[in-house]
Amino acid sequence: MKILVVEDNARVARFVTQGLREAGHTVDHADNGRDGMFTAASEPYDVIVMDRMLPGNIDGLAIIEALRKAGNRTPILILSALDAVDERIRGLKSGGDDYLTKPFAFGELLARVDALGRRSSGGDTDRALQVGDLRMDLLSRRVTRGARLITLQPREFKLLEYLMRHANQVVTRTMLLEAVWDYNFDPQTNVVDVHISKLRQKIELDSERPLVRTVRNAGYMMCEHDQA
Amino acid sequence: MIRLNRSSAVTWAVGYVLLGLAALAAFAVPLWYAWNVTIFSGRQEILRDDAQRLTELFNRYGEGGLTAYINARVGMQIAGERTLLLTDSAYRPLAGNLKVWPRDIPDKPGTQAVMADLAGQPTHTLLVRTTLPGGYHLLVGRDLALFLPLERRFTFGLIAAVTFLFLVGVAGAILIRRELLARVQGIRQTVSAIMQGDLRHRLPIRRTNDELDTLSQTINGMLDHIEHLISGISNVSNSIAHDLRTPLAELRSRLEELALTRPAPAETFAEVDAAVADVDRVIRIFNALLRLAELDTGARRSGFVPVDAAAVTAEVVEFYEPAAELKGVAFSFASDGVAAVAGDPVLLAQAVSNLIDNSLKCVAVHGAISVHVGRRADGAVEIAVADDGPGIADADKPKAAERFFRGDLSRGTPGVGLGLSIVDAVAKLHGGVLQLLDNNPGLRAQMVLPVTSARTNR
Chain A
1 MKILVVEDNA RVARFVTQGL REAGHTVDHA DNGRDGMFTA ASEPYDVIVM DRMLPGNIDG
61 LAIIEALRKA GNRTPILILS ALDAVDERIR GLKSGGDDYL TKPFAFGELL ARVDALGRRS
121 SGGDTDRALQ VGDLRMDLLS RRVTRGARLI TLQPREFKLL EYLMRHANQV VTRTMLLEAV
181 WDYNFDPQTN VVDVHISKLR QKIELDSERP LVRTVRNAGY MMCEHDQA
Chain B
1001 MIRLNRSSAV TWAVGYVLLG LAALAAFAVP LWYAWNVTIF SGRQEILRDD AQRLTELFNR
1061 YGEGGLTAYI NARVGMQIAG ERTLLLTDSA YRPLAGNLKV WPRDIPDKPG TQAVMADLAG
1121 QPTHTLLVRT TLPGGYHLLV GRDLALFLPL ERRFTFGLIA AVTFLFLVGV AGAILIRREL
1181 LARVQGIRQT VSAIMQGDLR HRLPIRRTND ELDTLSQTIN GMLDHIEHLI SGISNVSNSI
1241 AHDLRTPLAE LRSRLEELAL TRPAPAETFA EVDAAVADVD RVIRIFNALL RLAELDTGAR
1301 RSGFVPVDAA AVTAEVVEFY EPAAELKGVA FSFASDGVAA VAGDPVLLAQ AVSNLIDNSL
1361 KCVAVHGAIS VHVGRRADGA VEIAVADDGP GIADADKPKA AERFFRGDLS RGTPGVGLGL
1421 SIVDAVAKLH GGVLQLLDNN PGLRAQMVLP VTSARTNR
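Keeping their order, the protein sequence lines are chains A and B.
Heads up, the first sequence is in my numbering, so the first residue is 1 and it goes up one at a time.
Heads up, the second sequence is in my numbering, so the first residue is 1001 and it goes up one at a time.
Derived from the structure by calculation, the hints contain no laboratory data.
Among the hints, a few may not be true.
Said to hold, decoys possible - Output of the computed footprint for chain A on chain B, the stretches with three or more beta carbons under 8 Å from beta carbons of chain A:
#	stretch
1	1015-1026
2	1295-1304
3	1312-1320
As the list claims (entries may be wrong) - 20 Å max Cα-Cα, derived SDA-like pairs, lysine to any residue:
#	chain 1	residue 1	chain 2	residue 2
4	B	Lys-1428	A	Ala-84
5	A	Lys-102	B	Leu-1290
6	B	Lys-1361	B	Asn-1439
7	A	Lys-158	B	Leu-1292
8	A	Lys-102	B	Asp-1278
9	B	Lys-1428	B	Asp-1280
10	A	Lys-198	B	Leu-1292
11	B	Lys-1428	A	Phe-185
12	A	Lys-202	B	Glu-1318
13	A	Lys-102	B	Leu-1326
14	A	Lys-198	B	Glu-1318
15	A	Lys-102	B	Glu-1294
16	A	Lys-158	B	Glu-1315
17	B	Lys-1361	A	Gln-188
18	B	Lys-1361	A	Phe-185
19	A	Lys-102	B	Asp-1280
20	A	Lys-202	B	Leu-1326
21	B	Lys-1099	B	Asn-1071
22	A	Lys-202	A	Met-164
23	A	Lys-158	A	Arg-145
24	B	Lys-1327	A	Asn-190
25	A	Lys-93	B	Gly-1303
26	A	Lys-198	B	Glu-1321
Just so you know, even glycine gets a beta-carbon here, dropped at the ideal spot from N, CA and C.
Working from the sequences, and respecting the hints, build out all of it.
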């Protein structure tokens, strides 16, 4: 993917651009709002990572609003040290697609950038999802693995749907919390892990090949082929 | 001393005196006018009537008749009541109580107020002069000096009233000012003491419930709140310093050790991962503190919507069910149906989540946690999480919701010591309270949320 990073802090910028390049993306970097705005408007990107506090007291949100007004639909991940819920809401209202608070783990950033980039290419109108021999019919809400029918609780269904929609991508615990439970706080116990392991018990019998992989320091990934 | 012209009490008193004077003037001026116009013209009329009647007598009975009448009347009347004089055309007196025709009387008919030489002394007189047929002159008059005592009394009364008003006003100003100054001075002294850092002082209250008392009570309430906040801040600063020092110290020694020993890459990376985990712990503490700060400002109230506390709680319970199951804990949920409150669903969920999280950490394997949402008799919604864990010692209960407090029993369990603080802050934000009760054994933590007054609590 081609990614633009607008971030003035040199250390954070280097950390982010290097990490994204190592993950196989093409990365451009702008260290101020004017360049960021100009670059974003002149070249097509798959994802833009936008810092909120830019030199000269420019709020990244203003740039996002300007881009959206100009008809630019590139998915934007907002980076911000402002954690308050109101700020998050403002960020998303201004046209941002996701909001990540500093300081963050790189795995979290990468997973969210991947999710955003994937969203821009794939549609939400699927009638069924398939990963390997696991199949989810979104209309009849039937989940099968091969010939085996799997019964899921509504929340388990939502969890599995999210994992399958983001197959071959890392999804973090925070992303799952936000998407599946709508919680933006951090439960101190590893509740998400327990949910995942419970889901695994249902979709991965002993005889079957594992589908959900734990990614160290990041989260989970659902994939067809066992790459571990 | 406050300068006189800057005392509001004096300003007010002077204002009231001036207002009183204005009111007095508004009362006296029309009266004065009425006196001078109505009564004066009334007198003129009486004199004119008198002159008219005498003229008629003259016309009917001639000089003799009038002379006799005047003489009779002068003899009967009280001295000085009426001045009467009839003269012939050469101003020789024929009848009346004046010996000579006074000089200084203008030679024209009609009413005049003049200083005339009556009976040898100049007198302020109101006169009606008539010329009768045959050249006779008739003078009918009234000595205005007779009214002087009355006028003087009126003027005196007015001056007395003004003086009285002025004196009372000044005395009032001095008294009010002294009283007000004394109390303001008291407030100033207390406030100065507080500004110098001693927050325990409170303004004196007189229990009279007057304006200053009400103000003092309000200020005292504010001081209570400030003192509470300040002590909270200083506690929190201490606790932050302490709680952050531990992971930071670990982090520092880890990094320093790495730099000194330069171990094999595999070990180095393991240490780096551990260092990142240390930093994450610090970040978690900061996040919790920021969330608390956000809650304390009350800004989140603007996002309040009608929420079913029972449904929110049920979702959190469902969220924790697998974790409880994994630990072998009997986890039950019951509700009395819809429990509507005005609130922030995410914050309520976080609060319930923290309570369940706490219980889950504390209870033994195969322990029990029960969650209940119900309505109290007064309509308040109660969200209770009860467990059979070690509970909180009675002595620690009041402190348990304080920031960074960790009871002896919870030492060694994971957590940053802010969970209950957040629950407490969320409850307060919703106008409610967090209660920590004995579950015999264990802890029963319950949030009591009023249904309507979610905005009234500070």
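Check your understanding: Straight-line Cα separation of B/Lys-1428 and A/Phe-185 no greater than 20 Å?
Key -> Measuring from Cα to Cα gives roughly 19 Å; hence the hint holds.
Exercise for review: Decide if the proposed pair is consistent with the structure: A/Lys-198 and B/Glu-1321, CA atoms, cutoff 20 Å inclusive.
Suggested key: Roughly 11 Å separates the two Cα atoms, so the pair holds.
Point to revise | Pair hint A/Lys-198 and B/Glu-1318, alpha-carbon separation not exceeding 20 Å | key: Measuring from Cα to Cα gives roughly 13 Å; hence the hint holds.
Review point. Within a Cα-Cα threshold of 20 Å, do A/Lys-102 and B/Asp-1280 meet the stated pairing?
Key: 12 Å, holds
**Study point:** Coverage criterion applied to the stretch 1295-1304 of chain B (partner chain A; beta-carbon cut 8 Å; 3 residues)
**Key:** holds (count 3)
Exercise for review: Take the C-alpha atoms of A/Lys-102 and B/Asp-1278, compute the straight-line distance between them, and say whether it is at most 20 Å.
Suggested key: This hinted pair holds, its Cα atoms lying about 16 Å apart.
**Study point:** Distance restraint between B/Lys-1327 and A/Asn-190, which requires alpha-carbon spacing of 20 Å or less
**Key:** The given pair, whose Cα atoms are some 12 Å apart, holds under the 20 Å limit.
Review point. Is B/Lys-1361 within 20 Å of A/Phe-185, Cα to Cα?
Key: 18 Å, holds
Review point. Holds or violated: A/Lys-158 with B/Glu-1315, Cα cutoff 20 Å?
Key: 14 Å, holds
Point to revise | Holds or violated: A/Lys-202 to A/Met-164, with C-alpha atoms at most 20 Å apart | key: 15 Å, holds
**Study point:** Agreement of A/Lys-102 and B/Leu-1326 with the hint, judged by alpha carbon distance not exceeding 20 Å
**Key:** 33 Å, violated
Review point. For the pair supplied as a hint, A/Lys-202 and B/Glu-1318, is the alpha-carbon distance within the 20 Å limit?
Key: 17 Å, holds
Going through the hint list in order, the structure does not satisfy hints 1, 7, 9, 10, 13.
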